[in-house]
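Those protein sequence lines, which keep their order, are chains A and B.
Going by numbering that gives the first Met the number 0, the first residue of the first sequence is number 0, and it counts up by one from there.
Going by numbering that gives the first Met the number 0, the first residue of the second sequence is number 0, and it counts up by one from there.
Keep in mind that the hints were calculated from the coordinates and are not lab data.
We put the CB at the ideal spot given by N, CA and C, even for glycine.
Do not take every clue at face value.
Said to hold, decoys possible - In the DMTMM-like style, the derived pairs of lysine to aspartate or glutamate whose C-alpha atoms are separated by at most 25 Å in a straight line are: (1) B:Lys20 x A:Asp165; (2) B:Lys16 x A:Glu112; (3) B:Lys141 x A:Glu156; (4) B:Lys75 x A:Asp165; (5) B:Lys14 x A:Glu82; (6) B:Lys252 x B:Asp274; (7) B:Lys110 x A:Glu112; (8) B:Lys14 x A:Asp165; (9) B:Lys75 x A:Glu49; (10) B:Lys13 x A:Glu156; (11) B:Lys269 x B:Glu366; (12) B:Lys20 x A:Glu82; (13) B:Lys113 x A:Glu156; (14) B:Lys358 x B:Asp274; (15) B:Lys113 x A:Asp165; (16) B:Lys116 x A:Asp165; (17) B:Lys361 x B:Asp202; (18) B:Lys116 x B:Glu131; (19) B:Lys368 x B:Asp294; (20) B:Lys75 x A:Glu156; (21) B:Lys368 x B:Asp274; (22) B:Lys110 x A:Glu156; (23) B:Lys13 x A:Glu82.
Unchecked claim - Quick partial rundown of chain B residues pointing at chain A, CB under 10 Å, derived from the structure: (24) Ala53; (25) Asn91; (26) Leu94; (27) Pro96; (28) Asn98; (29) Leu248.
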Amino acid sequence: MVITIVRHDSWRLQIKHGAASAPILLPPTQFSTEAYYFDWVGFGTLIGLEFPMIRQLLITVPVALASVILGSMGAYFFYMQMERRPWVSNVGFSIISLATFLPAQTLTVPLIELTSSLGIYQTYWGGLAFAYFIFYLPMSALLMSIFLPVVPNYLIESARLDGARDWSIFWHVIFPLILPGFLSTLIFVFLMVWQDFFTPLIIATRPSLYMLPVAARQYVGGYAILYNRSFAAGVITSLVPLIVFAFLGRYFIRGLAALGGGAKGV
Amino acid sequence: MVTVRMEELTKYFKKGKNIVKAVDHITYKISDGIAFGILGPSGHGKTTLLRLIAGLEVPTDGYIYFDDEPMSAPGKIVVEPERRNVAMVFQNWALYPPNMTVYDNIAFPLKMAKMSKHEIDKRVREIAEELELTRVLNHYPKEISGGQMQRTALARALVKNPRILLLDEPFSNLDAALRDSARALVRRIQKERKLTTMIVSHDPADIFSIADAAGVIINGKFAQIGNPADIYNTPATTLIATLSGDINLLSAKVVEDTALIANLKIPLNKGLISDNEAIIGLRPDEMKLLTEPQDIRGFIDIGRVRVKVSSYTLGVFRIVVSPISDDNINIIVVSDEPIEPGREVHLLIKPDKIKIFNKEEKLIYPELKNIVTA
Ligand SMILES: Nc1ncnc2c1ncn2[C@@H]1O[C@H](COP(=O)(O)OP(=O)(O)O)[C@@H](O)[C@H]1O
Ligand SMILES: [Mg+2]
């Protein structure tokens, strides 16, 4: 599981044979941080990874957090409609699933069209965040809807009789119970956004807007591949996911375990 | 606080191709301040009826009014549950886990009513004092005993001064030893506050200890409504007799105004039964066993029985006896003392307490004192 989560599009891009390359299997002769330094600050037309990294961090955290919070609320809304208006719930979940499972590539043209017409194409907070939401909000809602049934219906009903409206029910009763699932989903969506190569590739193609996976792509080489620089770029892009997983991995597992053990997972 | 009126109240559920008539055209009015008990077997619509009153179910048909204000109409919730100010104690108490303490649980309805912190604190402490929860206010539900959980649920229900209190089998998850004090507590609170209350149970002891009036619900309909003592003494059918307490139901042959059960002879009023068959109902606590024949006021000796077994539950001995001429008939009698098995004794009954049902299991004697709707 660790491997699948941390695996990167950007990793995959590293392994590519160019016209003239250094031999890959040559064992290192000396320890050097030269490649890291080179990738980090950039050189000539190659954009260094420093700013893409900062940009990536600045957008991934709020996008993931907002996606999962809004996704949880959406999931709760459709879940509550299940009894009273089943069709609302069915249609809602169908759209969510469709949005999650549709290959991102099929949305290339519509997404560019849409962001252009909204005047947010090639913008960071507007276009990029918007595009991320389009992909990861439904995914968050879908994942959270798996965790919602651990909340017993009678608690929701009891809260309603105690005068609670949906907002209070969600925050006071539901949220504490789905917290393990929430953290799981948050970690998962964070990693998904982090490694998303395609979305920034079509929305933010200006060098001044390069996101980390796109910027790392530069070091895979045009005419020649310098394996040490390619792999250094790979290590830099996967640093944050590795740290996240090392420190928060147990919350991820705990959330999944909560599915089996009812609401006792906390 | 309010009068509850149900008119042709109906709830059907679709179960695959079948339709379950959970609540079937119930019309009844529960007067302000009354504790109304609902007795009935499992799966016959008791919970559904409470959920309809609470607004958690949409009626298939019929109306619910609180005083003259409509709450539910056919296919429609007129007033949402969160605005009805109804309190419900769920069978499993539905305490909010895992992040809320007993205090938070009790405070929740007040917080939702946007009451000031100061006022909330005052009210929570008052009710906690009354229900002996002060010591556990800072505990989490999983850290307290069953009795305390039940009182927490009750405190949370009462703290908001509800218009109606709904109790769904509130004692069934309690240890038997705690039930009596819990019943006494609920009864005291209900009477003190004159709180309109509906209590649902399959255990007649819950109903008899709390309710001023009671209905027996069978297949979503009230089969009998009346005061609890009348239901106990004059159950309209054998099923109601069983639901309202322990009873021996014995098939009898009727010859010349005497009911015969093996060697036992029960004299009946002249001409009471024209048929030659009947079912005799005898409650275990309305009989006596005597080792020597003896005249006791109010009792008559109906013959000799043999003791099969004595057991002890809840402070009384329950003795199973059979008529000496038929070992297959079992009669349970409550006694102050055990009697050794195998012994032959005299069975005495109170003739005015005897219940007689016809072959169709309907009560013939004594005369019904209740409104019977089915
Ligand atoms: N949500 C539901 N969906 C389908 N059938 C239900 C539902 N709730 C209750 N029922 C059915 O309605 C009948 C009455 O149930 P209930 O009111 O819970 O009975 P009781 O509380 O007397 O045990 C049962 O047959 C039950 O299976
Ligand atoms: Mg029930």
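Each hint tested on the structure:
no., hint, in the structure
1, B:Lys20 x A:Asp165, "30 Å, violated"
2, B:Lys16 x A:Glu112, "49 Å, violated"
3, B:Lys141 x A:Glu156, "20 Å, holds"
4, B:Lys75 x A:Asp165, "19 Å, holds"
5, B:Lys14 x A:Glu82, "14 Å, holds"
6, B:Lys252 x B:Asp274, "9 Å, holds"
7, B:Lys110 x A:Glu112, "48 Å, violated"
8, B:Lys14 x A:Asp165, "29 Å, violated"
9, B:Lys75 x A:Glu49, "60 Å, violated"
10, B:Lys13 x A:Glu156, "21 Å, holds"
11, B:Lys269 x B:Glu366, "15 Å, holds"
12, B:Lys20 x A:Glu82, "18 Å, holds"
13, B:Lys113 x A:Glu156, "19 Å, holds"
14, B:Lys358 x B:Asp274, "9 Å, holds"
15, B:Lys113 x A:Asp165, "15 Å, holds"
16, B:Lys116 x A:Asp165, "22 Å, holds"
17, B:Lys361 x B:Asp202, "22 Å, holds"
18, B:Lys116 x B:Glu131, "22 Å, holds"
19, B:Lys368 x B:Asp294, "31 Å, violated"
20, B:Lys75 x A:Glu156, "17 Å, holds"
21, B:Lys368 x B:Asp274, "23 Å, holds"
22, B:Lys110 x A:Glu156, "17 Å, holds"
23, B:Lys13 x A:Glu82, "13 Å, holds"
24, Ala53, "6 Å, holds"
25, Asn91, "7 Å, holds"
26, Leu94, "9 Å, holds"
27, Pro96, "7 Å, holds"
28, Asn98, "4 Å, holds"
29, Leu248, "37 Å, violated"
Of the numbered hints given earlier, the model fails hints 1, 2, 7, 8, 9, 19, 29; all others are met.
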